[in-house]
Amino acid sequence: MKYLYIFLPVSILLYKLNFFTLCFFVTILAVIPISSSICKYTDIFSEQLGDKVGGLLNATAGNIPELIISYFALKSGMFELVKSGLIGSIIGNLLLVEGISIFLGGLKYNEQKFSREFARTNFGLLFLALTGIIIASTYKRSFFNNGNFKEMSYGISIILLLVYFLGLIFSLITHRNLFIFTCKNEEEAIDKNVTGNRQLRFFLTLISFIFTFLFLIIEGNILVKLIEYISLSYGFSQNFLGIIIIPMVGNVAEYSTAILMALKNKINLCIEIAIGSGMQIALFAMPFLVLIGLTYGYTIDLSYNLYQITSLIIAIGLSFFVFQDGKTFWIEGAILLASYFIIALGYLFM
Amino acid sequence: MKYLYIFLPVSILLYKLNFFTLCFFVTILAVIPISSSICKYTDIFSEQLGDKVGGLLNATAGNIPELIISYFALKSGMFELVKSGLIGSIIGNLLLVEGISIFLGGLKYNEQKFSREFARTNFGLLFLALTGIIIASTYKRSFFNNGNFKEMSYGISIILLLVYFLGLIFSLITHRNLFIFTCKNEEEAIDKNVTGNRQLRFFLTLISFIFTFLFLIIEGNILVKLIEYISLSYGFSQNFLGIIIIPMVGNVAEYSTAILMALKNKINLCIEIAIGSGMQIALFAMPFLVLIGLTYGYTIDLSYNLYQITSLIIAIGLSFFVFQDGKTFWIEGAILLASYFIIALGYLFM
Amino acid sequence: MKYLYIFLPVSILLYKLNFFTLCFFVTILAVIPISSSICKYTDIFSEQLGDKVGGLLNATAGNIPELIISYFALKSGMFELVKSGLIGSIIGNLLLVEGISIFLGGLKYNEQKFSREFARTNFGLLFLALTGIIIASTYKRSFFNNGNFKEMSYGISIILLLVYFLGLIFSLITHRNLFIFTCKNEEEAIDKNVTGNRQLRFFLTLISFIFTFLFLIIEGNILVKLIEYISLSYGFSQNFLGIIIIPMVGNVAEYSTAILMALKNKINLCIEIAIGSGMQIALFAMPFLVLIGLTYGYTIDLSYNLYQITSLIIAIGLSFFVFQDGKTFWIEGAILLASYFIIALGYLFM
Numbered sequence: 001m002k003y004l005y006i007f008l009p010v011s012i013l014l015y016k017l018n019f020f021t022l023c024f025f026v027t028i029l030a031v032i033p034i035s036s037s038i039c040k041y042t043d044i045f046s047e048q049l050g051d052k053v054g055g056l057l058n059a060t061a062g063n064i065p066e067l068i069i070s071y072f073a074l075k076s077g078m079f080e081l082v083k084s085g086l087i088g089s090i091i092g093n094l095l096l097v098e099g100i101s102i103f104l105g106g107l108k109y110n111e112q113k114f115s116r117e118f119a120r121t122n123f124g125l126l127f128l129a130l131t132g133i134i135i136a137s138t139y140k141r142s143f144f145n146n147g148n149f150k151e152m153s154y155g156i157s158i159i160l161l162l163v164y165f166l167g168l169i170f171s172l173i174t175h176r177n178l179f180i181f182t183c184k185n186e187e188e189a190i191d192k193n194v195t196g197n198r199q200l201r202f203f204l205t206l207i208s209f210i211f212t213f214l215f216l217i218i219e220g221n222i223l224v225k226l227i228e229y230i231s232l233s234y235g236f237s238q239n240f241l242g243i244i245i246i247p248m249v250g251n252v253a254e255y256s257t258a259i260l261m262a263l264k265n266k267i268n269l270c271i272e273i274a275i276g277s278g279m280q281i282a283l284f285a286m287p288f289l290v291l292i293g294l295t296y297g298y299t300i301d302l303s304y305n306l307y308q309i310t311s312l313i314i315a316i317g318l319s320f321f322v323f324q325d326g327k328t329f330w331i332e333g334a335i336l337l338a339s340y341f342i343i344a345l346g347y348l349f350m
Numbered sequence: 001m002k003y004l005y006i007f008l009p010v011s012i013l014l015y016k017l018n019f020f021t022l023c024f025f026v027t028i029l030a031v032i033p034i035s036s037s038i039c040k041y042t043d044i045f046s047e048q049l050g051d052k053v054g055g056l057l058n059a060t061a062g063n064i065p066e067l068i069i070s071y072f073a074l075k076s077g078m079f080e081l082v083k084s085g086l087i088g089s090i091i092g093n094l095l096l097v098e099g100i101s102i103f104l105g106g107l108k109y110n111e112q113k114f115s116r117e118f119a120r121t122n123f124g125l126l127f128l129a130l131t132g133i134i135i136a137s138t139y140k141r142s143f144f145n146n147g148n149f150k151e152m153s154y155g156i157s158i159i160l161l162l163v164y165f166l167g168l169i170f171s172l173i174t175h176r177n178l179f180i181f182t183c184k185n186e187e188e189a190i191d192k193n194v195t196g197n198r199q200l201r202f203f204l205t206l207i208s209f210i211f212t213f214l215f216l217i218i219e220g221n222i223l224v225k226l227i228e229y230i231s232l233s234y235g236f237s238q239n240f241l242g243i244i245i246i247p248m249v250g251n252v253a254e255y256s257t258a259i260l261m262a263l264k265n266k267i268n269l270c271i272e273i274a275i276g277s278g279m280q281i282a283l284f285a286m287p288f289l290v291l292i293g294l295t296y297g298y299t300i301d302l303s304y305n306l307y308q309i310t311s312l313i314i315a316i317g318l319s320f321f322v323f324q325d326g327k328t329f330w331i332e333g334a335i336l337l338a339s340y341f342i343i344a345l346g347y348l349f350m
Numbered sequence: 001m002k003y004l005y006i007f008l009p010v011s012i013l014l015y016k017l018n019f020f021t022l023c024f025f026v027t028i029l030a031v032i033p034i035s036s037s038i039c040k041y042t043d044i045f046s047e048q049l050g051d052k053v054g055g056l057l058n059a060t061a062g063n064i065p066e067l068i069i070s071y072f073a074l075k076s077g078m079f080e081l082v083k084s085g086l087i088g089s090i091i092g093n094l095l096l097v098e099g100i101s102i103f104l105g106g107l108k109y110n111e112q113k114f115s116r117e118f119a120r121t122n123f124g125l126l127f128l129a130l131t132g133i134i135i136a137s138t139y140k141r142s143f144f145n146n147g148n149f150k151e152m153s154y155g156i157s158i159i160l161l162l163v164y165f166l167g168l169i170f171s172l173i174t175h176r177n178l179f180i181f182t183c184k185n186e187e188e189a190i191d192k193n194v195t196g197n198r199q200l201r202f203f204l205t206l207i208s209f210i211f212t213f214l215f216l217i218i219e220g221n222i223l224v225k226l227i228e229y230i231s232l233s234y235g236f237s238q239n240f241l242g243i244i245i246i247p248m249v250g251n252v253a254e255y256s257t258a259i260l261m262a263l264k265n266k267i268n269l270c271i272e273i274a275i276g277s278g279m280q281i282a283l284f285a286m287p288f289l290v291l292i293g294l295t296y297g298y299t300i301d302l303s304y305n306l307y308q309i310t311s312l313i314i315a316i317g318l319s320f321f322v323f324q325d326g327k328t329f330w331i332e333g334a335i336l337l338a339s340y341f342i343i344a345l346g347y348l349f350m
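Chains as they are written, first to last, in the UniProt record's numbering: chain Y, 1 to 350; chain V, 1 to 350; chain U, 1 to 350.
Note that these hints are calculated values from the structure, not bench results.
Being a predicted model, the structure only gives us computed values, none of them experimental.
One or more hints might be untrue.
One copy or two, it doesn't matter: identical chains are merged, so the pair holds either way.
[To be verified] With a straight-line cut-off of 20 Å between C-alpha atoms, the simulated EDC-like cross-links for lysine to aspartate or glutamate are: (1) 225 / 325; (2) 113 / 325; (3) 327 / 117; (4) 2 / 80; (5) 140 / 117; (6) 75 / 228; (7) 327 / 151; (8) 264 / 228; (9) 75 / 301; (10) 2 / 228.
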């Protein structure tokens with residue numbers, strides 16, 4: 001993963017030289033190691049800050065890359081890109097990550113069992129986020145001449161964020177034992193065992209984190225401008241670009257870890273990561289980006305179109321079906337993947 | 001609860017003196033003890049009439065206050081009030097009552113377990129009622145120039161009532177053992193142990209019941225007229241008043257009992273009451289009020305608007321999700337309450 | 001069942017004499033034994049061809065009668081008939097067959113248990129087919145000016161057929177042990193035990209099969225022309241005729257076997273047949289008939305109207321609810337039947 005950092009200077013160079021189309025692909029490659037590193041540094045901080053504060057940090061930091069890119073996109077007025085990026089991230093986690101993991105894991109093992117306790121609360125929170133989106137969209141559809149759906153969106157977003165923090169209290173404090181917390185980049189977990197000066201290490205990690213964060217801001221800014229360019233030059237819709245690119249750059253770490261876990265028969269962890277990550281986008285990133293509008297003036301609301309809502313219902317419904325019996329077969333992975341491709345087809349033909 | 005009877009004469013007096021706005025709130029307070037007493041007297045009758053007839057009486061009598069008030073509202077042509085009152089009662093039972101009970105109970109007990117056998121049939125019947133409402137509404141939406149949806153509503157209502165009575169046969173006769181029957185006002189259950197002349201007691205209860213019923217008719221009549229006044233004077237929609245007031249006056253007894261049960265760790269009973277009460281409104285009160293139109297000419301149909309149907313699907317779906325694993329945590333109560341507030345927000349901004 | 005073959009010559013005679021209305025009912029009676037025989041012969045072939053090829057044959061041959069009749073109807077341009085026939089077949093299997101079996105079986109036995117392992121994969125495949133239909137229809141609804149929904153339908157159909165074959169590999173090869181394979185006409189199973197010349201028997205079965213297949217083509221052709229006549233003369237819509245007649249002629253064998261099995265307390269087999277049959281129509285017959293359009297020019301797409309989709313979601317949802325707890329009571333059969341009648345009411349009043 002670290003070797004991909006080579007694309008960081010290349011991307012900036014190409015951007016300065018105005019090779020926008022080539023730069024677009026290079027920038028995507030450059031964001032991948034940054035996104036992966038931020039996840040790694042967060043794990044190290046979490047470990048040092050102790051269980052509760054660390055858990056809180058770890059839970060929310062996974063979405064930093066998506067949030068930064070979405071923030072720049074909002075600033076450029078690319079509302080459709082941000083909204084379809086959020087939907088794409090959730091669907092990607094629930095159908096693509098889970099689908100590939102279960103399919104590949106199932107080819108290796110005849111049957112993979114997991115504990116249903118872990119992900120159940122996250123499904124509950126996902127259902128609540130879905131409720132918020134459906135109610136906001138139905139409200140807009142039913143009373144489209146009525147100008148209150150901005151207030152409606154703000155109100156629902158505040159409720160969702162509130163329950164998100166209640167969910168953190170539940171999983172970090174009152175019902176800790178029901179959850180597993182692990183480094184999302186388990187392949188890098190060996191790093192942690194390095195002995196040595198703790199304070200020095202903390203300081204070095206902080207420096208590294210600040211630099212990575214600066215890289216992310218630079219690249220995020222470039223990426224959003226390139227998406228705008230690609231969209232205008234090649235006639236791709238913001239919807240299509242959003243549903244594909246935002247999830248890709250934001251979740252690569254989760255994607256690769258989940259598949260590795262499935263191949264090691266740790267399907268528990270793999271489902272935990274996919275559902276947890278989908279839940280955080282729906283219940284934290286989504287309402288958070290809506291509320292940003294209150295302070296800055298550029299805004300999206302919580303309502304989505306019929307095709308997006310239908311996709312979301314299908315993604316949550318199918319992954320809940322697969323989850324429900326506590327074991328997985330390869331055919332269930334195939335069903336999740338097939339439904340992902342069916343939904344993606346619609347965005348392709350849009 | 002009994003002290004609230006003081007509001008009965010006050011309400012009538014204020015009505016005669018034309019203090020309508022104040023009278024509105026007093027009347028609501030006056031209906032609460034009446035609604036609670038009717039529930040108590042029904043329990044006493046049930047006990048004396050034996051298992052089967054008593055069970056039948058007990059199951060249907062819980063809805064008497066809502067039915068009386070809805071009847072007067074229908075007579076005054078307030079169709080929207082009645083329809084949104086029915087939806088509000090179901091949502092109130094499934095999200096608000098269950099939500100508060102599970103949340104408060106969960107704060108006291110780390111985990112509350114209940115038997116999944118009990119409420120499962122009631123969920124099946126709720127799903128059937130939902131089917132009837134969705135089909136009637138989809139039919140109306142799909143063929144809105146076609147005048148047959150009145151016949152459609154009558155047909156579906158007859159099927160729903162038929163299955164409601166089949167459900168009573170199932171729970172009272174063929175599969176009695178799967179259900180628990182209890183006084184809905186358990187705090188008043190001590191009354192029952194009073195020894196003495198059985199016949200005299202039955203007679204006295206009958207007299208009390210007749211008086212309470214008369215009070216209900218007087219107050220129901222006043223309440224409907226006041227709602228009309230409030231709606232016109234203050235510009236509240238019938239939808240908003242219906243979704244808030246009808247459930248409040250009809251279900252206060254269930255609300256308070258369910259919460260008390262949850263705090264005593266009797267979450268079984270609490271879920272049984274909430275689901276059972278929601279099912280009775282959906283499968284009995286709703287089609288019954290539609291069929292009343294056949295004899296009297298003033299009528300509502302079974303079709304509801306998109307926002308109401310969406311709310312109903314979410315309420316039934318979320319409470320089924322919480323019910324499914326046979327145990328509850330406080331976060332599940334918070335999820336139910338949050339979804340209630342999200343739905344209520346839409347009615348507020350309507 | 002065999003005696004019904006007498007209606008075969010009667011139907012042809014009446015058709016030649018132009019007694020169309022009478023002929024219509026006689027033809028339906030004539031198709032029933034043909035449909036049943038094809039199912040029986042397929043079982044015999046399957047047995048002789050060995051586990052894997054036989055299983056494949058058995059799985060797909062159950063839909064031959066529906067496919068032949070749908071093919072002739074497509075050729076005559078009766079697209080609505082074919083589409084509502086497909087929906088009717090799925091709903092008929094999931095609500096009517098399952099409903100009658102569970103209701104009648106439940107009247108005889110207090111509680112019927114079955115293994116949840118068997119039908120679970122079929123439900124997963126059904127949910128995928130539903131995903132395809134919903135996405136195709138939502139796409140059409142959302143972008144109705146956009147001409148790409150033909151390509152969309154073809155793409156989704158190919159994905160569905162692919163997963164159908166993956167499902168066969170799963171159930172016939174990699175996870176054989178999770179499934180039960182049996183003669184769908186168990187009452188005729190004694191035939192199989194006849195000893196004698198294997199090759200002669202195979203040859204005789206082949207001859208019989210070819211003749212039965214020819215009968216099916218003749219009668220299918222007549223039936224489609226009669227439906228057209230009935231539709232024009234009596235003013236019934238293609239939708240109404242499709243939803244009633246196509247399922248009736250295609251699934252009589254499954255219907256009678258399922259009910260017999262339920263009365264013998266073999267509810268496992270009964271649910272397996274109903275769900276499996278519904279899945280095959282949704283995941284094989286439906287996309288197959290869409291793709292036929294690619295070669296012949298007469299075509300249907302995968303999108304359905306709101307009423308049809310709602311019916312389908314209700315049928316799959318309710319039968320999954322009943323299936324989920326691994327046991328059935330008569331009231332659950334009554335709920336399935338009631339929802340079937342509610343849906344049928346809409347087609348009657350259409």
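Structure-based check of all given hints:
1. 225 / 325: neither (45 Å within a copy, 48 Å between copies)
2. 113 / 325: both (9 Å within a copy, 18 Å between copies)
3. 327 / 117: both (13 Å within a copy, 11 Å between copies)
4. 2 / 80: Answer is neither: 32 Å inside a copy and 58 Å across each miss the 20 Å cutoff.
5. 140 / 117: Neither: 36 Å inside a copy, 39 Å across copies.
6. 75 / 228: Within. Shortest intra-copy distance 12 Å satisfies the 20 Å Cα cut-off; inter-copy 48 Å does not.
7. 327 / 151: Classified as neither: same-chain Cα gap 43 Å, cross-chain 36 Å, threshold 20 Å.
8. 264 / 228: The answer is neither: 40 Å in one copy and 60 Å across copies each exceed 20 Å.
9. 75 / 301: within (15 Å within a copy, 41 Å between copies)
10. 2 / 228: Close neither inside one copy (28 Å) nor across copies (69 Å); limit 20 Å.
The structure is inconsistent with the numbered hints 1, 4, 5, 7, 8, 10, although it conforms to all the rest.
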